[in-house]
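Asker: Given next are the chains, with one letter for each unit.
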Amino acid sequence: MLGWELPPYNSGGLGVACLGLARSLANQGVAVTFVLPQKQKFNIDFLNLVFADIKFSDKLESSYTPSILFEELNLKNPISDFVSAALLFGKRVGEIAGKYNPDIIHAHDWLTYPAAIAAKKVTAKPLVSHVHSTEFDRTGGHFPNPEVFEIERKGLEYSDRVISVSNFTKNILIGNYGIKPDKINVVHNGCEQIEKSEFPPALTALKELGYKIVLYLGRITLQKGPEYFIRAAKKVTDYNPKTLFVVAGSGDMQEKMIAEASYLGIMDKVMFTGFLRGDEKNKIYQAADVYVMPSVSEPFGITPLEAIANGTPVLVSKQSGVSEVLSNVLKTDFWDIDDMADKILAVLKYKSLTSDLRKESGKELPKINWDEAARKTIDIYKQLLF
Amino acid sequence: MPSICLYFQLHQPLRIKKYKVFDVGYDHNYFNDASETRLNNKKVLEKVVKKSYLPTNEVLLNLLKKYPKFKISYSFSGILLSQLKEDFPEVLNSFKKLIKTGRVEVLSETYHHTLAFFYSLPEFERQVKLHSQLVSKLLGVTPKVFRNTELAYNNALAIWAEKKGYKAILAEGWHTFLGWKSPNFLYRPFGTKKIKLLLKNYKLSDDIAFRFSENTWKEWPLTADKFARWVDALNGNAEVVNLFMDYETFGEHQWADKGIFEFLKDLPRQLLKHPDNDFVTPSEAAERYHIKDVLDVPHIVTWADTERDLSAWTGNEIQRSAIDFIYALETQVLKSQDDSIIEDWRRLQTSDHFYYMCTKWFADGDVHKYFNPYESPYDAFISYMNVANDLKLRINSQRSKTK
Chain A
863 MLGWELPPYN SGGLGVACLG LARSLANQGV AVTFVLPQKQ KFNIDFLNLV
913 FADIKFSDKL ESSYTPSILF EELNLKNPIS DFVSAALLFG KRVGEIAGKY
963 NPDIIHAHDW LTYPAAIAAK KVTAKPLVSH VHSTEFDRTG GHFPNPEVFE
1013 IERKGLEYSD RVISVSNFTK NILIGNYGIK PDKINVVHNG CEQIEKSEFP
1063 PALTALKELG YKIVLYLGRI TLQKGPEYFI RAAKKVTDYN PKTLFVVAGS
1113 GDMQEKMIAE ASYLGIMDKV MFTGFLRGDE KNKIYQAADV YVMPSVSEPF
1163 GITPLEAIAN GTPVLVSKQS GVSEVLSNVL KTDFWDIDDM ADKILAVLKY
1213 KSLTSDLRKE SGKELPKINW DEAARKTIDI YKQLLF
Chain B
-15 MPSICLYFQL HQPLRIKKYK VFDVGYDHNY FNDASETRLN NKKVLEKVVK
35 KSYLPTNEVL LNLLKKYPKF KISYSFSGIL LSQLKEDFPE VLNSFKKLIK
85 TGRVEVLSET YHHTLAFFYS LPEFERQVKL HSQLVSKLLG VTPKVFRNTE
135 LAYNNALAIW AEKKGYKAIL AEGWHTFLGW KSPNFLYRPF GTKKIKLLLK
185 NYKLSDDIAF RFSENTWKEW PLTADKFARW VDALNGNAEV VNLFMDYETF
235 GEHQWADKGI FEFLKDLPRQ LLKHPDNDFV TPSEAAERYH IKDVLDVPHI
285 VTWADTERDL SAWTGNEIQR SAIDFIYALE TQVLKSQDDS IIEDWRRLQT
335 SDHFYYMCTK WFADGDVHKY FNPYESPYDA FISYMNVAND LKLRINSQRS
385 KTK
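These protein sequences, in sequence, are chains A and B. Here the working numbering is used: the first residue of the first sequence is 863, the next is one more, and so on. Here the working numbering is used: the first residue of the second sequence is -15, the next is one more, and so on.
These are computed hints drawn from the structure, not numbers from a lab. Just so you know, these numbers come straight off a predicted model, no measurement behind them. No residue lacks a Cβ here, since even glycine has one placed at the ideal position from N, Cα and C. Be aware that a few hints might be false.
Claimed, not checked - Computed footprint of chain A on chain B; a stretch qualifies when at least three of its residues, placed anywhere within it, have a C-beta under 8 Å from a C-beta of chain A:
no. : stretch
1   : 1 to 7
2   : 123 to 137
3   : 291 to 303
What the hints assert, rightly or not - The following label-pair restraints were derived from C-beta to C-beta distances:
no. : chain 1 : residue 1 : chain 2 : residue 2 : range
4   : B       : K353      : A       : E1234     : 49 to 59 Å
5   : B       : W201      : A       : G1072     : 49 to 59 Å
6   : B       : Y10       : A       : L1068     : 27 to 37 Å
7   : B       : P282      : A       : D1100     : 28 to 38 Å
8   : B       : D230      : A       : K1118     : 53 to 63 Å
9   : A       : E1234     : B       : G9        : 30 to 40 Å
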């Protein structure tokens, strides 16, 4: 299995998903050798971890860093550095792949595709590429990086089978990458049993004043639809002025988000918390009256599951994979600001709606697990091997 | 002996269009969706009329002509009759033709197809009266047998119906209160002296209404001959076999190409093959047959889902909060004396609105999803509450006008 990151050294959901799937595969009897580009210290005993020992320069910044930082780093095109890193990883994996003699090569997202192609060439074993997100999602369909796009397309072409994390993503692979539908299997992500404890409530002073809290939590990037959240916020506060919009996360559209809020005259209704982790994150979920994920293009989306685990009602965009696996959440088109605002206002107003959403979505959570995803993945392995 | 009692339910609700909070105070037309979705009431009714009502009426009229012993009964919601009168008068005429044969009984229910009995008795009585007036005006008959919305029934309802002079009342023949008793006899509701209770034989009714096209069912395909032999087998141990179902069973729930009309066409002939079988209407059944026992039904029983209770309409909090909201407006609505406010308020009581908010999809999922024109129960609730708030606003502004 070829990956780019694993928790706790992860910048997003990719590492979490890889670990969840790999653990359940291991539990179901698959011997997983997991290859990462960089040597780091992990406390993982169920995987055979292998490091390609690449020394990345400190300047290889996460693409999630706000754009202003990129300018300071004086990189003309930071993503290109990822491309070279991916190619370097590919070269190194080509050198070591033969040693491990795998039955199946399973590669997660484009950063590992050069490595996947190299490994396939060396070992002549079937390749499964696993698509957690595409360049189309990350750019909202506007000006995808041609180098990344080409690596993705090549990797998918070389693959014997493609796993996509949702039907939503499958359709992108068919429509934008020209992959044949019968080569793609949808395996919805699972979700770890989320550790959840009751915290002393956050933002109590505001809540005591009668304010309702609407939460955005995630990277502030084009893909996540932050501007739609702000526009819906405007509509909501027009009807219910005692509403606060909390934005937890960081990203290259943060300035734009602030500008939009200030242009709409609702800066006093929007709070930015910065990036939150662990207990802080759970605390903010628990403080929220509704969690909104207005993503423009979300292959899966784990945050709604975290919100549900914390007992918070959820509104997700229909342009997301997670909306395929959840029934008891509110759903909207990301661009339909009126509908989004209408639904936010309803959940803030009607206690019965909050209560039923919380109760019924909570019942769905245990059904979304990695064991089920691993079972489907093993079926795919078997089809390729026998 | 068994006499076969066929009763068909006819109802199409006025579904609420997608109505946002931003429409409150501006748009007072709640039921005029003109989209291609299943919220477009006229479009839905047009489809049902074409696929079900008209072809079924034709089959039944021919059967009534051909078999002098053949009889049926209908219960129409007022909501449906008024829609037919408005948009499909030819369908209303076709029902009139059937009724003219003298072998079609029409039953009593609430005009707006509501659960008002369990929320407001005076309002319930007003709706039953409105229904009788409409049936008498449009169809020229006076109902003598009562059946409540969704077949919702308990002792109290039977006591009420007896007081109002009804000869009989209908209910689901559910085992929780029947125990070892058979639904194929008449009973006396607990606490009454005269009125008789007819119980739906849900096994035989649902064989037609739900299972007819189900090719995984071991009895599939169901022929009229096979079905009639099941009824014959009850001989000696049954007096009335009550087959109660939605009229849309024919052509809409069970499709023409699956053979439902051939089944219906052949059914009277097959049933009448046995010399002891015949057909009755509910009134005739009550006249002809004696009661076998007293039946105690303290809790509400309906014909829905595996629970056979009201949980499909009032099982979760959004449903309960919506239904409580609408009935809490009663005094103010009636005080307004504004016909359009009163009528809209009653239309918002139609049981279907609450059914669309049902969240128990995982056990009984298929039926609920099939009948739900909204994307989710939560969407149904949100549009409903927005509309209900608009109605409340109208009452208030009307009140300040009269002041």
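Asker: Run the structure past the numbered hints and jot down the numbers of the failing ones, going up.
Answerer: 2, 4, 7, 9
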